[in-house]
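Q: Here is how the chains run, residue by residue.
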Amino acid sequence: MRRVLLTLAALAALGLVGAAATVGIGLYNVSAQEGHWPGVRWVLHTTFRNSVELRAMPEDAVPDLSDPALAALGARHFASACAPCHAAPGADRTATMRAMLPVPPPIGQAVGEWSAAELHWIVYNGIKMSGMPAWPGREREAEVWPVVAYLQDVQAGDGALPPPPPELPADAPEHAAYCAGCHGSIEGHVPRLDIQNAAYLLEELEEFREGSRQSGIMEHAASAVPEAALADLAAWFAARPATGTAGEGPREGAALAMRGTRDVPACSACHGPGATRARPDIPLLEGQDRHYLAVQLRLWRDGVRHGSELMAAAARELSDAEIDLLAAWYAAQEPRDAEEVAAP
Amino acid sequence: MRLTGAATAAAAAALSLAGCAGRQSALSPGGADAAALGTLFWVMLGGAVLLWLAMNGMFFYVTRVNASAMPRRLANGMVIGGGIVLPTILLGALLGWGLSILPDQRQPDDGLTIRVHGEQWWWRVEYWPEGAAAPVVSANEIRLPVGERVGFRLDSDQVIHSFWIPSLGGKMDMFPGRETYVSLEAEAPGVYRGQCAEFCGESHAWMAFEAVAMPPDAFDAWLDAEAGAAAAPEGGAAERGAALFAREGCGACHAIRGTGHVGQVGPDLTHVGGRRSIGAGRLAATPEAFAAWITHTDSLKPGVRMPSYDHLSDADAAALAAYLAGLT
Numbered sequence: 001m002r003r004v005l006l007t008l009a010a011l012a013a014l015g016l017v018g019a020a021a022t023v024g025i026g027l028y029n030v031s032a033q034e035g036h037w038p039g040v041r042w043v044l045h046t047t048f049r050n051s052v053e054l055r056a057m058p059e060d061a062v063p064d065l066s067d068p069a070l071a072a073l074g075a076r077h078f079a080s081a082c083a084p085c086h087a088a089p090g091a092d093r094t095a096t097m098r099a100m101l102p103v104p105p106p107i108g109q110a111v112g113e114w115s116a117a118e119l120h121w122i123v124y125n126g127i128k129m130s131g132m133p134a135w136p137g138r139e140r141e142a143e144v145w146p147v148v149a150y151l152q153d154v155q156a157g158d159g160a161l162p163p164p165p166p167e168l169p170a171d172a173p174e175h176a177a178y179c180a181g182c183h184g185s186i187e188g189h190v191p192r193l194d195i196q197n198a199a200y201l202l203e204e205l206e207e208f209r210e211g212s213r214q215s216g217i218m219e220h221a222a223s224a225v226p227e228a229a230l231a232d233l234a235a236w237f238a239a240r241p242a243t244g245t246a247g248e249g250p251r252e253g254a255a256l257a258m259r260g261t262r263d264v265p266a267c268s269a270c271h272g273p274g275a276t277r278a279r280p281d282i283p284l285l286e287g288q289d290r291h292y293l294a295v296q297l298r299l300w301r302d303g304v305r306h307g308s309e310l311m312a313a314a315a316r317e318l319s320d321a322e323i324d325l326l327a328a329w330y331a332a333q334e335p336r337d338a339e340e341v342a343a344p
Numbered sequence: 001m002r003l004t005g006a007a008t009a010a011a012a013a014a015l016s017l018a019g020c021a022g023r024q025s026a027l028s029p030g031g032a033d034a035a036a037l038g039t040l041f042w043v044m045l046g047g048a049v050l051l052w053l054a055m056n057g058m059f060f061y062v063t064r065v066n067a068s069a070m071p072r073r074l075a076n077g078m079v080i081g082g083g084i085v086l087p088t089i090l091l092g093a094l095l096g097w098g099l100s101i102l103p104d105q106r107q108p109d110d111g112l113t114i115r116v117h118g119e120q121w122w123w124r125v126e127y128w129p130e131g132a133a134a135p136v137v138s139a140n141e142i143r144l145p146v147g148e149r150v151g152f153r154l155d156s157d158q159v160i161h162s163f164w165i166p167s168l169g170g171k172m173d174m175f176p177g178r179e180t181y182v183s184l185e186a187e188a189p190g191v192y193r194g195q196c197a198e199f200c201g202e203s204h205a206w207m208a209f210e211a212v213a214m215p216p217d218a219f220d221a222w223l224d225a226e227a228g229a230a231a232a233p234e235g236g237a238a239e240r241g242a243a244l245f246a247r248e249g250c251g252a253c254h255a256i257r258g259t260g261h262v263g264q265v266g267p268d269l270t271h272v273g274g275r276r277s278i279g280a281g282r283l284a285a286t287p288e289a290f291a292a293w294i295t296h297t298d299s300l301k302p303g304v305r306m307p308s309y310d311h312l313s314d315a316d317a318a319a320l321a322a323y324l325a326g327l328t
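From first to last, the protein sequence lines are chains A and B. Per the UniProt record's numbering, residue 1 is the first one in the first sequence, and the count goes up by one each step. Per the UniProt record's numbering, residue 1 is the first one in the second sequence, and the count goes up by one each step.
Same shape as in the complex, but just chain A (with noise of 0.2 Å):
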């Protein structure tokens, strides 16, 4: 007995001596040239299937992604944040991609035959020590929807990329076709630029190059282009004429937006439409999409998004039903420019 553990404690000490050796003498090789030893290829991939497996949601707890708009915004952002190292269906991933260790599969292998929910997962965690990134937005779970939209596509077999970004004039600053690939081309899920004045997009934009507004969307747009050019963009956005009429809007969401209840302040008293029109860092929301607007007034409500102590205060107290009620009424409104609103 007592030589058993003699031998074990003997046993024990060796590998302590060997485990110092690898990581401080640096006996481990971690070239990528080499790569992995037989059978650590098959651990490492069986655990990643399993533990995503374990972690995806529910099926049942995945929303509609049926809105075409959903696969558009999604195929746009893969283009710009995923295609580097996924490439684009059919196309070929660089010979530098293609040397990683792991190997970021091409897109159309990737998607293999993932679920909604585990697509979801794994976009929204990454994959430690694979290369596959994190989404940038934290707590903005739901913004991941319009990826694994494109993706279902992807796996049906007719996801292309999306077409070329608009022809734009010739007074547009540069990247500003990357930004008009969304703002303005797609119908729905993202915000209008055009009714907003320039201080208030570059101080959003800003606040999405540092990471004070979260989104994985515009975090990696922001940050996708150069500091230096996102006043020229704010600025040339926010001069684009605010164009559109006036639609059907819920009557209670206009007796909530101009009264508000005991409960929750009325929007128009800071953000119009009246007489009222409040400070102009305040954006504009007459005709602003309604999904953006149902969205951010949720991420306000939730704490997710903060930096205004005004805006926590007045949406805290929302319900979803009052949410939407709100989004529908200010997406139904005619739009004003916030360029041409002075304020009082």
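Don't read these hints as lab results, they were simulated from the structure. We treat Cβ as the ideally placed atom computed from N, Cα and C, and that holds for glycine. Check each hint, because a few of them may be wrong.
In silico contact screen, one side only, chain A against chain B (beta carbon under 10 Å); selected entries [to be verified]:
| no. | residue |
| --- | --- |
| 1 | Met258 |
| 2 | Thr261 |
| 3 | Arg262 |
| 4 | Asp263 |
| 5 | Pro265 |
| 6 | Ala266 |
| 7 | Cys267 |
| 8 | Cys270 |
| 9 | His271 |
| 10 | Gly274 |
| 11 | Arg279 |
| 12 | Ile282 |
| 13 | Leu310 |
| 14 | Ala313 |
| 15 | Ala314 |
| 16 | Arg316 |
Footprint (simulated), chain A over chain B, 3 or more residues, beta carbon under 8 Å [what the hints assert, rightly or not]:
| no. | stretch |
| --- | --- |
| 17 | 241-254 |
| 18 | 261-273 |
Got chain A sorted already, so can you dock chain B onto it with the hints?
A: Chain B in isolation, oriented as in the chain A frame:
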């Protein structure tokens, strides 16, 4: 040493008696209801003192004056008579008297009903004169005519509060989703103080209000003025304050009738400058207090929903204060 002790006791007694006077005391009544409750209190206090003296007198007698064994019949009689029969009669009589006072505190009003809705931590007030189709909306101050019985319909927003003007009558709890009723009749014109009397959260102690009892003619004139729209105060600072009120979005939560500001979350400010206090009894309504309240709301009333507008410059806060103080 003994003298010092006596002097301290006398000083403490004087101090505590002084606390019984004043505008927030059940013992200096300004109305019939408080007077009835005061009488009840004094009779109970007198009776308690008499009982205390009698009990201690008997203790003294049986231990110091005549410590010999008491005849069994007398002892039994003392226990049954003094321990059971006498308390039953006394407590029964007090209970009957107390219960007989209760309905008086809920007599129907003489025409004016005031609805008070408890918020965190302030009072939403609506005056409903007899036959009115719509109320006169106000907040954080109660005005009532002397010599008339005024009904109070009470409820609350989130938690239980209690409505109490000690100088005018008993307190009544305010419940979310359930209306309670109490009526008060002020007899002496004056300014009394009300206080939430049920712990309701971190700023419970700061949930107070002023209650102003006025001669009926003066009250009617005041109510007419209170029902009217706000008159825009004149003067450079006040006019700049009005613009600031709009620019800062104050109207999202506060209504000022006669302007575009229609918010309902916070107190109605149509005539806030005419009130005696701001912040539900927190500060006397001076321009300086308005400025302090706007910029330091959370430290003056911890947990309050209104954010501190501490980004305002001193000049802007003063302009806003001039506007609000001018809304009489």
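Q: All hints are to be evaluated individually against the structure, with a verdict given for each.
A: Consistency of the hints with the structure:
The interface hint given for Met258 (chain A) is met, as the beta carbon of that residue sits about 7 Å from the closest beta carbon of chain B, less than 10 Å. Because the beta carbon of Thr261 (chain A) sits about 6 Å from the nearest beta carbon in chain B, less than 10 Å, this interface hint is met. The beta carbon of Arg262 (chain A) is positioned within 10 Å of a beta carbon in chain B (closest approach about 5 Å), and the interface hint is therefore held. For Asp263 (chain A), the interface hint holds, the least distance from its beta-carbon to any beta-carbon of chain B being 7 Å, beneath 10 Å.
Annotation: interface hint on Pro265 (chain A) holds; nearest CB of chain B at approximately 4 Å, less than 10 Å. The interface hint given for Ala266 (chain A) is met, as the beta carbon of that residue sits about 5 Å from the closest beta carbon of chain B, less than 10 Å. A cut of 10 Å between beta carbons decides the hint on Cys267 (chain A): the least distance to chain B is about 7 Å, and the hint holds. With a cut of 10 Å, the hint placing Cys270 (chain A) at the interface with chain B holds, because the nearest CB-to-CB distance is about 4 Å.
With its C-beta approaching chain B no nearer than about 9 Å, His271 (chain A) sits inside the 10 Å limit, and its interface hint holds. A cut of 10 Å between beta carbons decides the hint on Gly274 (chain A): the least distance to chain B is about 6 Å, and the hint holds. The criterion of a C-beta within 10 Å of any C-beta in chain B is met by Arg279 (chain A), whose closest approach is roughly 6 Å, and the hint holds. The restraint placing Ile282 (chain A) at the interface with chain B holds, with a minimum CB-CB distance near 8 Å, inside the 10 Å limit.
Annotation: Leu310 (chain A) was flagged as interfacial toward chain B, and the flag holds, the nearest CB pair being 6 Å apart, inside 10 Å. For Ala313 (chain A), the interface hint holds, since its Cβ comes within 10 Å of a Cβ in chain B; the closest pair sits about 5 Å apart. Checking Ala314 (chain A) against chain B by beta carbon gives a least distance of about 7 Å; that is within 10 Å, so the hint holds. With a least beta-carbon distance of about 8 Å to chain B, the hint placing Arg316 (chain A) at the interface is held under the 10 Å criterion.
Beta-carbon proximity to chain A at under 8 Å applies to 9 residues in the stretch 241-254 of chain B; the threshold of 3 is reached and the given coverage holds. As drawn, the stretch 261-273 of chain B meets chain A at 5 residues by the rule of a beta-carbon pair under 8 Å; at three or more, the given contact holds.
Violation of the numbered hints given earlier is absent; every hint is satisfied by the structure.
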